[in-house]
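Student: Take a look at the letters that make up each chain.
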Amino acid sequence: MKRILVVDDEPDVIDLVKNRLEANRYKVISATDGDEGLIKAQKEKPDLVIMDILMPNMMGGEAVRQLRSDESTKHIPIIFLTAVTSRTPNGDGGVNVDGQFYTALPKPFKPEKLLFEIKRLIGDG
Amino acid sequence: MKQTKYTIFIIENNVSDRQFLKKILVEMEYDFAIKDFATGKEAMSEMNIRPPDLVLLNLYLPDQDGFFLLESFHQKGLVDLPVLLVSSFDKEDDKKKGFDRGAIDFINKPIVLEDVKARVACQLRFKRMMDDQKWANQKTNEGIKMLYKELENQNKKLLQLDHLKDDFVGSVSHELRTPLAIMRESISQIRDELFGEVPDQQKRYLDKALINMDRLRNIIDNLLDISKIEKGKLEIYKEKVDLNKLVEEIVSDFAVKAKAKGLILEGAVHGTAVYALVDPEKTIQVFNNLIGNALKFTEKGSIEITVQEEEDFIQCKVKDTGKGIAQKDLHKLFDKFQQVGRKHGPGEKGTGLGLAIAKGIIELHGGNIHVESTEGEGTAFFFSFQKYIEESGSCMSFRSALISAIKQFNQLSVIKVDIRNLKDVDAFKGRITKSLFRKSDRVIIEEQHVFILLPDTEKEMCSVVLSRIKGSHDADSLGECIVSFPIDGLTCDELINGLERTIEGENHEKNISGRR
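Going down the list, the sequences are from chains H and X.
Numbering follows the working numbering, in which position 46 of the first sequence is assigned residue number 46; successive positions increment by one, without gaps.
Numbering follows the working numbering, in which position 115 of the second sequence is assigned residue number 115; successive positions increment by one, without gaps.
Think of the hints as simulated: they come from the structure by calculation, not from any bench.
Glycine included, C-beta positions come from ideal geometry on N, C-alpha and C.
Watch out, some of these pointers could steer you wrong.
Simulated coverage check for chain X against chain H, where a stretch passes if three residues somewhere in it have a Cβ under 8 Å from a Cβ of chain H [as the list claims (entries may be wrong)]: (1) 87-100; (2) 239-245; (3) 352-361; (4) 407-413.
Some residues of chain X that are not near chain H, with every Cβ distance over 12 Å (derived) [said to hold, decoys possible]: (5) Lys35; (6) Tyr60; (7) Ile107; (8) Asn155; (9) Ser173; (10) Glu175; (11) Arg177; (12) Leu194; (13) Val198; (14) Asp214; (15) Arg217; (16) Asp221.
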């Protein structure tokens, strides 16, 4: 079973994403800020990280920067799920961290889009 | 009003004349100070300390002549100092020379009492009037300066408020998104029966909630867009876009809505590509807003979209046969929050931002928009975009896209599809555009092939994308191949070679696995 780490400071968001992913046969681990997300990613080595951006302690962008600089986590694909990017008519924007583009889904998100992006990065659960 | 004690200088070397003049002045019923000097030099040194209000000056002094003194007054900036020349004016041009150098009047010698009194009194009256006027002017100027300063302060405050408003709109829009996301996904999960079966009637109302949450999200996005446009922070990424194709896709998106209202929706397709240099997503937004509006305000007839290539630019038009806009409203049509007298049905209310955003986007692209409308007949929006001008051979573009993608991403997959045997190429291209959501994805069409660049995508995952873009009937007929960076090659040439080998060679699987 593929494991996904969801990092978001809103417990309700974690809860809902977890429901949706579990219904699609993914296993979900969660963290409520960038710090905790980083520790869990290093410890659990998930198949994918879904990352919020505006969070206390450590912002999502910084957490991704650190994940990328760590040999054991640098390969883990990342999707940003955030309120700080807005929709584009054709789909969704990207987030740029150190010159690298990451998939970013704006909140509120459409579940089918989130699932499509996940499937595309790591396949079925 | 300020009353100043005036000072009068008498500059006269002749003692008896000086005393006589002094006596006359003292007898006058004015309260002024009188200072008398026998030489020009003495007078000048006093002049430096405190200039007088009136001077009685003898033209011929032993040390300096009066003309020289007159010139000195001028040089010292005492341009308005009234000087009465006292002289017998023996030389014919003495008076003229004196007046030329700024003297204001004269007193003939021998001195006549009434003459002196009248002339001095006249000058003092004049002087007082001037001073009063000057004082009033000064007060007025001070008042104007104060008002100006106040105005400036008010203006500063307004600007600050305006910035605050923009920041407020920006941050509130973000703050609204998270709660909205939680609401939307909660309802969506109930609707999708994640927690058990839901009766159809309840589903219908949950759908209504979802639709309206998406509408709310749209409003938030519009608010954010307009605040970005106003702050000059909306970024556009221009690329080569076929506007004809773009319009075709947009028209097909709106087809259902138009049909439901019984309207004819025509996007002019002449089959030829019309290339513009635009941000595709923002351009779609412009068309969406204008066509969406036209649909709202047209009850019968048609909506026609044309894309016309002109010499220097591309002219687009969205024309409807709706109820039109009153002449008096046309000028404010592109202002924010204006929903000018075009009434429309319930549930169709917009934000009043669509046209302001469209105008902002078009202007960011260096184009312009204008409207023509006749009440009862319809409305037409005309807007222009920049033409795309071919820089070099098109065969370079996939190569250069690949080179920049390798630099930018740690991982990348490239799908190459042979479209020679494809039955409906346009439908295929349409499916590609609809299937790729990410900004970083790139699609390049070159002669017989379509290249799809997918950053951060593993080779195995490309089949997910392929399955979405392949139509049901052309499932097997496409010659496609996939290479991934870095596993199949580290350089652009290695990857391109990989793509060519796999498409030509019979045993491409072997080729690829051999490199792993």
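Student: Honestly, which of those hints from before does the structure not fit?
Tutor: 1, 2, 3, 9, 10, 11, 12, 14, 15 and 16
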